[in-house]
Amino acid sequence: MKLRIGDIFTIPVSEEKTGFGQIVKIPNKNNFIIIVYENIYSGRDWPSLEEVVKDKILFLGYTMDALLYHKFWKIIGNVFPDLSKIKFPYYKLGTFPNAMIVNYKGEKVKTISKLEFDKLQYETVVAPVRYENALKAYYKLSEWREDYDNLLYSKTLESIQVVEGK
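Going by my numbering, the residue at position 155 of the sequence shown is 157; the numbering climbs one at a time, nothing skipped.
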């Protein structure tokens, strides 16, 4: 299976409801960055792909292809994302005081301050089922777990605030 930037896929939330995600970056051959959109839809009453990609981003992070490969998540089309509208996170790498800030590509950006070190996360690759479970929990179909907080797009925006002050 050849995955491409822009692939839009379904995420089953319940028997009747479906969410959507999209591959937005493939920084290396082992994993990729996805976004999961906030809205979910009943039955097959789905919006167009162009409407899907206008939705609010709920989650962003690294994952792997297990659920796509086994067709639990189904690719339904491809719309190249407007990458200018998607912000990508910064992470910490190493242990303080010798740690660095890296971007989503793993490129070293700068030496990290103690304040930045305390506020940034380490880069992690998360199993795709965690995104699915987090989406279910967001809609109160299961219990929200604290580790789902790290998937929230707001965490990406916080990392940008820490590093860039924006």
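FYI, nobody ran anything at the bench for these hints, they're computed from the structure. Check each hint, because a few of them may be wrong.
Unchecked claim - Here are the simulated BS3-like pairs of lysine-lysine, each with C-alpha atoms no more than 25 Å apart in a straight line:
1) K4 / K31
2) K87 / K121
3) K73 / K87
Claimed, not checked - Ranges between beta-carbon positions, derived for each pair:
4) Q163 / K107: 18 to 24 Å
5) P49 / N105: 30 to 36 Å
6) Y124 / R46: 35 to 41 Å
7) Y71 / D120: 36 to 42 Å
8) K4 / V127: 33 to 39 Å
Note that the coordinates shown come from a computational prediction; the quantities given were computed from them, not determined experimentally. Cβ atoms here follow ideal geometry from the backbone N, Cα and C, with glycine treated the same way.
Holds or violated: K4 to K31, with C-alpha atoms at most 25 Å apart: Measuring from Cα to Cα gives roughly 11 Å; hence the hint holds.
Pairwise beta carbon distance, Y124 to R46, judged against the given window 35 to 41 Å: At roughly 40 Å between Cβ atoms, R46 and Y124 fall inside 35 to 41 Å, so the hint holds.
Outcome of range test on Cβ distance (P49, N105; 30 to 36 Å): Once the Cβ atoms are compared, 32 Å apart, the range 30 to 36 Å for N105 and P49 holds.
Range agreement (Cβ of K107 with Cβ of Q163, hint 18 to 24 Å): Given range 18 to 24 Å: holds, Cβ gap about 20 Å.
Pair hint K87 and K121, alpha-carbon separation not exceeding 25 Å: This hinted pair holds, its Cα atoms lying about 24 Å apart.
K73 paired with K87 [C-alpha distance capped at 25 Å]: With a Cα-Cα distance of about 29 Å, the restraint between K73 and K87 is violated, given a limit of 25 Å.
Range hint compliance [Cβ, Y71 to D120, 36 to 42 Å]: Given about 37 Å between the Cβ atoms, the range holds.
V127 and K4 - C-beta distance against the hinted 33 to 39 Å: Roughly 20 Å apart at Cβ, these two residues miss the hinted range, so it is violated.
The structure fails to meet hints 3 and 8 from the earlier list, while all remaining hints are met.
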